Amino acid sequence: MKKRSISLTVNGTVHDLEVPVHRTLLQVLREDLDQVETKYGCGTGECGACTVLVDGEKAILGCLTLAASMDGKSITTVAGLEKDGQLHPVQEAFIEEHAIQCGYCTPGMVCKSVSILAKNPKPSEEEIRHNLEGNICRCTGYVKIVQAVQRASERI
Amino acid sequence: MSSRVLPVFDLLLPSNLEEAVGLLSQHGDQAAVMAGGTDLLVGMKVGMSPAFILSLADIQGLDYVAFDAKHGLRIGAMATLSQVVDSKVVNDKYHALWYSAFTNGTPQTRNAGTVVGNILRASPAGDCCCAALAHGGSVLLQGPAGKREVDLDEFWLDYRKTARKPDEVAVELKLKAPEHGYGSGFAALTRSYQDLAKINAAARVIMDGKVCRKVRLAMGAVAPITLRLKEAEKVLTGQEVTDQLLEQMAAAVRKEVKPIDDVRSTAEYRREVAGVLAKRVVQDAIKSVAGPCPYSCFMGA
Ligand SMILES: Cc1cc2nc3c(=O)[nH]c(=O)nc-3n(C[C@H](O)[C@H](O)[C@H](O)COP(=O)(O)OP(=O)(O)OC[C@H]3O[C@@H](n4cnc5c(N)ncnc54)[C@H](O)[C@@H]3O)c2cc1C
Ligand code: FES
Ligand code: FES
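Residue numbers (the working numbering), protein chains in the order written: chain A, 1 to 156; chain B, 157 to 457.
Treat the hints loosely; a few may be bogus.
[Stated by the list, open to error] Quick list of in silico lysine-lysine cross-link-like pairs, BS3-like style, CA-CA up to 25 Å:
1. A:K122 - B:K244
2. B:K244 - A:K119
3. B:K332 - B:K443
[To be verified] If we take Cβ atoms under 10 Å as the criterion, some of the chain A residues that face chain B in the derived model are:
4. L17
5. P20
6. Y104
Just so you know, the hints here were simulated from the structure itself, not pulled from any lab data.
Because the structure is a prediction, the values reported are computed rather than measured.
Don't be surprised by glycine CBs; every beta carbon is placed ideally from N, CA and C.
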């Protein structure tokens, strides 16, 4: 097949889409659904800018996922984390710790951090660092990002 | 948006293995099998262009990591690197493989990438290739004529070339059951953690006190395929392991490897380091006989 009909839930909204099979999830999010909060960095799996969550807690790369293989799946991007106008504890902690400079890595970094805390609400610093290895930040030097995850872990 | 896009292809999504094999019988030469896609899709963004991708995503029941003391470990074609990292039994009994998964790529690539994909990719730098070869085992293939098993010692034929025929799907990786005194270790030298290895090594020992009864030593990125270092194994087999013996083994390793110069390292550097790394993994393997380093010691917890 060259195209596939899929039903994709993004941040709680169901979309019925006919996607060319060579389109990535990231392209569908950004170009077809106009949800540009998730970023394109390298396109080859190295930077983590395109990280989104599947079924609320598993971090995957939008740039290396075929949209056609996501039929029936539920995706959460950074824009889907707030609830009832209230930011997610990880988002709040990133702001409070000043873990954001240019902000390009932030959507992926926040999604990955949510997945870390979903698996282990009290990770050690080493565990946080090991689990953020797939997210590159060229601004902050990571210290404040790690502190933000630690701060969020106290609230979850 | 993106400078790196996928070329156009036709997606095949079989719902069982028989259907997959049928589709490969028709299109095998022009089709690439896809598990996690972390290698294939990157390859396609930088030049590869198969006419068909046969995705295993819709085939149920291939994502198992199963152990029994008699038959050993079976890892299904869709079991991810993350599943292996989370498996206590792999950490416990197949420590080299566990560590090769733990250090492979990034958390996100481990969530999609599979162990079997690493083996089938047949890169001489493949981390799980190296660990699996040290443990010893086989790849189970399914084709039109049924199933067959190929020993890992005969599986990689040349650079990125395996014994799999174009109409076969790899169903699982099998590793032998551990004997008494079993231990294993893995190490990789990289420019950065997530990078492809400049050189990697793995050892599996069967110890009787201080005497090494049996050993398998594997090394990657020192030849077109992951190598078994049989001369170095001979140095250790049946001997009490001393510092001096390990030096002799390292000398044998340096003779046996066939490294090349490439963008990641020079041949001369690889040859020197090969001996050092071999010693380290044998020492780690011997240490692990007493019990593996638990997850927490990698996390500093
Ligand atoms: C950022 C990044 C970092 C990486 N770091 C590492 C690293 O540190 N070490 C390392 O070894 N690798 C690394 N890789 C490569 C890759 O992630 C691994 O090799 C992974 O194990 C591949 O698994 P996969 O399921 O994604 O394979 P796929 O991309 O799906 O397939 C890989 C190859 O195997 C074939 N194949 C897969 N499954 C089957 C099957 N069941 N039957 C027949 N053929 C099959 C495919 O046709 C293809 O040729 C990295 C990749 C990225 C993007
Ligand atoms: S854009 Fe996906 S990892 Fe860089
Ligand atoms: S804040 Fe700029 S890349 Fe991380």
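Results for each hint:
1. A:K122 - B:K244: holds, 20 Å
2. B:K244 - A:K119: Holds - the C-alpha atoms of A:K119 and B:K244 are around 16 Å apart, at most 25 Å.
3. B:K332 - B:K443: Within the cut-off at roughly 20 Å; holds.
4. L17: violated, 15 Å
5. P20: holds, 8 Å
6. Y104: violated, 14 Å
The earlier numbered hints that this structure contradicts are 4 and 6.
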